[in-house]
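**Q** Taking the hints into account, I'd like the entire structure generated from these sequences.
Keeping their order, the protein sequence lines are chains B and L. Just so we're aligned, residue 1 is where the first sequence starts under the numbering used here, counting upward by one. Just so we're aligned, residue 114 is where the second sequence starts under the numbering used here, counting upward by one.
Check each hint, because a few of them may be wrong.
[As the list claims (entries may be wrong)] Calculated lysine to aspartate or glutamate pairs in the DMTMM-like style (CA-CA distance at most 25 Å, straight line):
#	chain 1	residue 1	chain 2	residue 2
1	B	42	L	139
2	B	69	L	139
3	B	42	L	143
4	L	122	B	39
5	B	59	L	169
6	B	58	L	185
7	B	108	L	143
8	B	108	L	151
9	B	58	L	139
10	B	58	L	169
11	B	100	L	186
12	B	42	L	215
13	B	100	L	169
14	B	100	L	172
15	B	108	L	185
16	B	105	L	185
17	B	57	L	215
18	B	42	L	172
19	B	78	L	169
20	B	58	L	151
21	B	105	L	139
22	B	42	L	186
23	B	100	L	139
[Stated by the list, open to error] Sample of chain L residues at the chain B side, in silico, Cβ under 7 Å:
#	residue
24	158
25	195
26	196
27	212
28	215
29	218
[Said to hold, decoys possible] Beyond 12 Å from chain L on every Cβ pair, some chain B residues (computed):
#	residue
30	15
31	34
32	51
33	60
34	74
35	99
36	100
Just so you know, the hints here were simulated from the structure itself, not pulled from any lab data. All C-beta atoms in this analysis are idealised placements derived from N, C-alpha and C, irrespective of residue type, glycine included.
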Amino acid sequence: ILNVEQSPQSLHVQEGDSTNFTCSFPSSNFYALHWYRWETAKSPEALFVMTLNGDEKKKGRISATLNTKEGYSYLYIKGSQPEDSATYLCASVPQGGSEKLVFGKGTKLTVNP
Amino acid sequence: NAGVTQTPKFQVLKTGQSMTLQCAQDMNHEYMSWYRQDPGMGLRLIHYSVGAGITDQGEVPNGYNVSRSTTEDFPLRLLSAAPSQTSVYFCASSLQGPSYNEQFFGPGTRLTVL
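**A** So this is what it looks like as structure tokens:
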């Protein structure tokens, strides 16, 4: 089973700050990369699914980039708001489209007003 | 659409008891999966199905059985519950497999095994 690593484990920022976190995966064993947002007491909700090297996706103030050659993806949040407080999960599908999604442990973001 | 539904929301079992966690979706999704979420471990895949009649093992399948007799339903059976199976269980579905498709998650079932 491939290892999907996320850093940092947790992050505290002030309202209005921009922030970013990292998801790392084996570059030799990659097919697709997912990002999810998981609020406390709710279920994970999809943000992005990315497959192509150099891909960049955006949804409002949140964007993500993908580097499949070096095995990482960044998630950026511009002008953080308290409602952005959540755990952000990334997950990878190994090469060959194995139909198995392997999740990292997440980055817990707290945005202080 | 109700989306992905799971029952029960909470369950307490004694060691050795069996039970079935129910999962249903009304979005005509082919792909369904079960995860467990434990503190510090993230979501781990238990079993998945790419369509009715087809199931396969994930990362942590031991102690669990699944079947997929219809497109809509994907129940997870605990054959003989153990305290190590205390966890929060999430069911998820997508139109096709996760290679290109975002997953839709159910609300979760919190299971405690005494």
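**Q** None of the hints should be skipped; say for each whether it holds.
**A** Status of each hint after checking the structure:
For the suggested pair residue 42 of chain B and residue 139 of chain L, the alpha carbons sit about 20 Å apart, so the restraint of at most 25 Å is met. Between residue 69 of chain B and residue 139 of chain L the CA atoms are separated by roughly 38 Å; this puts the pair beyond 25 Å, and the hint is violated. The straight-line distance between the Cα atoms of residue 42 of chain B and residue 143 of chain L is roughly 24 Å, inside the 25 Å bound, and the hint therefore holds. With a C-alpha separation of about 17 Å, the suggested pairing of residue 122 of chain L with residue 39 of chain B holds against the 25 Å cut-off.
The straight-line distance between the Cα atoms of residue 59 of chain B and residue 169 of chain L is roughly 33 Å, outside the 25 Å bound, and the hint therefore fails. Our distance criterion of 25 Å between C-alpha atoms is broken by residue 58 of chain B and residue 185 of chain L, whose separation comes to about 32 Å. For the hint pairing residue 108 of chain B with residue 143 of chain L, the CA-to-CA distance comes to about 31 Å; that exceeds 25 Å, so the pair is violated. For the hint pairing residue 108 of chain B with residue 151 of chain L, the CA-to-CA distance comes to about 15 Å; that is within 25 Å, so the pair holds.
Straight-line distance between C-alpha atoms of residue 58 of chain B and residue 139 of chain L comes to about 28 Å, which puts the hinted pair past the 25 Å bound. Between residue 58 of chain B and residue 169 of chain L the alpha-carbon distance is near 33 Å, which puts this suggested pair outside the 25 Å criterion. At roughly 19 Å between alpha-carbon atoms, residue 100 of chain B and residue 186 of chain L fall within 25 Å of each other, so this suggested pair holds. This hinted pair checks out: residue 42 of chain B and residue 215 of chain L have alpha carbons roughly 17 Å apart, not beyond 25 Å.
With a C-alpha separation of about 10 Å, the suggested pair residue 100 of chain B and residue 169 of chain L falls inside the 25 Å cut-off, and the hint holds. A threshold of 25 Å between alpha carbons decides the hint, and for residue 100 of chain B with residue 172 of chain L the separation of about 9 Å falls inside it, so the pair holds. For a cut-off of 25 Å, the pair hint linking residue 108 of chain B to residue 185 of chain L is broken: about 33 Å separates their Cα positions. Taking the CA atoms of residue 105 of chain B and residue 185 of chain L, the gap is about 29 Å. The hint is violated against a cut of 25 Å.
Simply put, residue 57 of chain B and residue 215 of chain L have alpha-carbon atoms about 14 Å apart, close enough for the 25 Å limit, and the pair holds. Note on residue 42 of chain B and residue 172 of chain L: the hinted pairing holds, with a Cα-Cα distance of about 24 Å set against a maximum of 25 Å. Among the hinted pairs, residue 78 of chain B with residue 169 of chain L is inconsistent with the structure: their alpha-carbon atoms are about 40 Å apart, more than 25 Å. Between residue 58 of chain B and residue 151 of chain L, the direct Cα distance comes to roughly 30 Å. Violation of the 25 Å bound is thereby established for this hinted pair.
As the CA atoms of residue 105 of chain B and residue 139 of chain L are separated by approximately 29 Å, the hinted pair breaks the 25 Å bound. For the given pair, residue 42 of chain B sits about 21 Å from residue 186 of chain L by alpha-carbon distance, which is consistent with the 25 Å threshold. Only pairs whose Cα atoms come within 25 Å are accepted, and residue 100 of chain B paired with residue 139 of chain L is accepted, the gap being roughly 22 Å. Given the 7 Å rule on beta carbons, the hint for residue 158 of chain L holds: about 6 Å separates it from the nearest Cβ of chain B.
Against a cut-off of 7 Å between C-beta atoms, the interface hint on residue 195 of chain L is violated, since the closest Cβ of chain B lies about 22 Å away. At its closest, the beta carbon of residue 196 of chain L sits 22 Å from a beta carbon of chain B; the interface hint therefore is violated under the 7 Å criterion. Because the smallest distance between the Cβ of residue 212 of chain L and any Cβ of chain B comes to about 4 Å, under 7 Å, the interface hint for this residue holds. With a least beta-carbon distance of about 3 Å to chain B, the hint placing residue 215 of chain L at the interface is held under the 7 Å criterion.
Interface hint status for residue 218 of chain L: upheld, as the beta-carbon distance to the closest one in chain B is roughly 4 Å, under 7 Å. No beta-carbon of chain L comes within 12 Å of the beta-carbon of residue 15 of chain B; the shortest separation is about 28 Å. Not every CB of chain L lies more than 12 Å from the CB of residue 34 of chain B, the least distance being 7 Å, so the non-interface label is violated. Its closest Cβ contact with chain L, about 7 Å, brings residue 51 of chain B to no more than 12 Å, contrary to its assignment away from the interface.
Listed as a non-interface residue, residue 60 of chain B keeps its Cβ farther than 12 Å from every Cβ of chain L; the least gap is roughly 16 Å. No beta-carbon of chain L is positioned within 12 Å of the beta-carbon of residue 74 of chain B; the least distance is around 19 Å. The beta carbon of residue 99 of chain B sits about 4 Å from the closest Cβ of chain L, which is not more than 12 Å, so the claim that it is off the interface is violated. At roughly 6 Å from the closest C-beta of chain L, the C-beta of residue 100 of chain B falls inside 12 Å, breaking its exclusion from the interface.
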